[in-house]
Amino acid sequence: MSEPRDRDWDDELRSLGDVREAYRAAIRDEAPPEALDAAILAASRRAVGAGPRAARPGGFARWRAPLAAAAVVVLSVSVAWWRLDDLLPGPSAVMYDVAEPEARPEGRTPERARLADAAPGVEREEDERQRVADGAREATSAAARPAELGLAQTEIDGRSKRPARIAMAENAARETRDGAQTSRRAEPARETFAPPDAGPTTHAGRDAAERKTLGREAPEARMAVAPALAEGTPIPTAPVASEVVRSDAGAAPAGEALPPAAGEALVAAAPPAAARVPSPSGDAGAAAGEPSRPRALSTPLAVARGAPAAEHAKASPPSAAAPRIGGHDDGVAELRDILGLWEAGRRNEASLALGRLRCAKPHVPIPPDLPVPSPMPLRCPDGGASAKEASPGDR
Amino acid sequence: MTDDADDETLMMRYATGDAQAFAILYGRHRAGLYRFCLRMVSDRGLAEEIFQDTWTNLIQARARYRVEARFTTFLYQIARNRMIDLQRKDRRIAFSLDDETGEAVAATLAAPGHEAPENLLDRKRSAERIVAALEALPPAQREAFLLHEEGELTLEEIARLTGVGRETVKSRVRYALGRLRDALREVAHV
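Top to bottom, those sequences are chains A and B.
For the first sequence, the numbering used here assigns the number 241 to the initial residue and increments by one for each residue that follows.
For the second sequence, the numbering used here assigns the number 3 to the initial residue and increments by one for each residue that follows.
The hints are simulated quantities; they were obtained by calculation from the structure and are not laboratory data.
Glycine included, every Cβ here is placed at the ideal spot set by N, Cα and C.
Some hints here could point you the wrong way.
Unchecked claim - The calculated label-pair distances, taken between Cβ atoms and stated as ranges, are: (1) B/Arg68 - A/Ala301: 39 to 49 Å; (2) A/Val314 - B/Arg66: 45 to 55 Å; (3) A/Pro306 - B/Arg66: 39 to 49 Å; (4) A/Ala301 - B/Glu154: 44 to 54 Å; (5) A/Phe300 - B/Arg68: 33 to 43 Å; (6) B/Asp6 - A/Ala308: 45 to 55 Å; (7) B/Arg68 - A/Arg264: 24 to 34 Å; (8) B/Asn59 - A/Asp251: 47 to 57 Å; (9) B/Arg90 - A/Ala311: 53 to 63 Å; (10) B/Gln62 - A/Trp321: 30 to 40 Å.
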């Protein structure tokens, strides 16, 4: 950019200095309009993003905050709905609310409503039995907590200082069994489909009610028996408190020693005076005072549903070919799970589980009043042999 | 930002986003470029269009700017190219920057002051006379003079810009100044 010095040219320009001054004086007032200046300067600012318009957010930036807020709201509602669905006390409640919005009396299920329509007297009888059984379960639960209630423990010799409350519960259970025996024989398929709030909803509650009816020994009695068993001392059984329905003594010998684990699991909350039935065969186990294995006293469906065993105890006559429930391979747990799935609305899974049960344990009788249909056709891994042994209640 | 920074530095700063640097540059060269455009086309509307297009092109070309020459050369090059484009689109525009023969024609023309020197009595009239004398110059001489006076370009820069030799530029500038001096003398004699 440097230019070689040109002295002649510099002198010539100096000599023409007056002309240049006259020119500058003549045109010095000529300038672009202010509007043109403003337009060009604004364009220069816009080009580099320094102008106010360039600082304004664009389309996406303008909607970014509202979109984010909407997304947060949608996600929050979704998660809350999902969590609420999980936290509900039971799926049955939701099903009832959705399927039958009309008001339903407490403990009145669709099946019960149908039964009530068919036989009003039976419905009342069912309600009465349910109420009595609930009282018995409550008494059983109270008996299971003797330490909490400050109750006296049962003596070894069977002379007990039972509280009046437990005695009342026993009487109530006895009355329930008496009434249930009659009604069961008259209407064997009349089964109560209890809603979750009509009875014990947990397996523990059902087991307690079942054990109550099955006539197991009281926990305090078991507590006293346990050391004696350890010492090998024959322990006298408690007096017979009530008749205990034994369905089939031959199929499961009475007086069969209760497995320790099973005893621990099953004998938890029986009333103190619940008696064990001496084995008719008088086997060694019974003679030694070992706890006899309780016989099946109710139908599989009743046990699976957790209904009070009292109402099922006499439903099946002792000589009838009632299914034997009470062992660990009798399918009660599976039937409970299947019924739970069915009540939860997972009907396909319940049907598939029933099919698996029929294949895996073909000896388990399927109650005829089980609302769960079996998959048709039933295909078992062993070639379908199990299907031949299915009970008549299969559908 | 200081105003004493050279034009090239300001342009580089503007290329990096400094709008204030452009404002300083614009303030320095707006009047000279405007007069250059106005004297070259002799039409105010067309001159303003060229003027605005020149600055707009400079803004758009800021990223491509390299300090290979003075900023003034770059600026007036843009304006000149814009004038050539307009002339190619509209032949009625009465200037030709490439017409070397115009110098000979202009030399034969009588100065405007010869027609009515008695009207140039005051300073305003003297300015008008000078402007008229300038506009009567052949375009190449007028361009060389304007680039020299308004753009303050050197002979070499004008030569590179116009694509002619340095001596040709010197001759054109000398001739333009001589015609203006004649115009001033005529005003003084009146």
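Okay, the hints, checked on the actual structure:
Separation of B/Arg68 from A/Ala301 is about 34 Å and departs from the stated range, judged on CB atoms against 39 to 49 Å. A hinted range of 45 to 55 Å for the beta carbons of A/Val314 and B/Arg66 is consistent with their spacing of about 48 Å. Against the hinted window of 39 to 49 Å, the Cβ-Cβ separation of A/Pro306 and B/Arg66 comes to about 40 Å, which satisfies the hint. Separated by about 46 Å at the C-beta atoms, A/Ala301 and B/Glu154 satisfy the suggested range of 44 to 54 Å.
Range check, A/Phe300 to B/Arg68: Cβ separation about 35 Å, and the 33 to 43 Å hint holds. Take B/Asp6 and A/Ala308: their Cβ atoms lie about 49 Å apart, and the range 45 to 55 Å holds. Between B/Arg68 and A/Arg264, the C-beta spacing of about 32 Å keeps the proposed range 24 to 34 Å intact. A hinted range of 47 to 57 Å for the beta carbons of B/Asn59 and A/Asp251 is inconsistent with their spacing of about 38 Å.
For B/Arg90 paired with A/Ala311, a C-beta distance near 57 Å keeps the hint of 53 to 63 Å intact. Here the CB-CB span from B/Gln62 to A/Trp321 is close to 55 Å, at odds with the stated 30 to 40 Å.
In terms of the numbered hints stated before, the structure departs from hints 1, 8 and 10, listed from lowest to highest.
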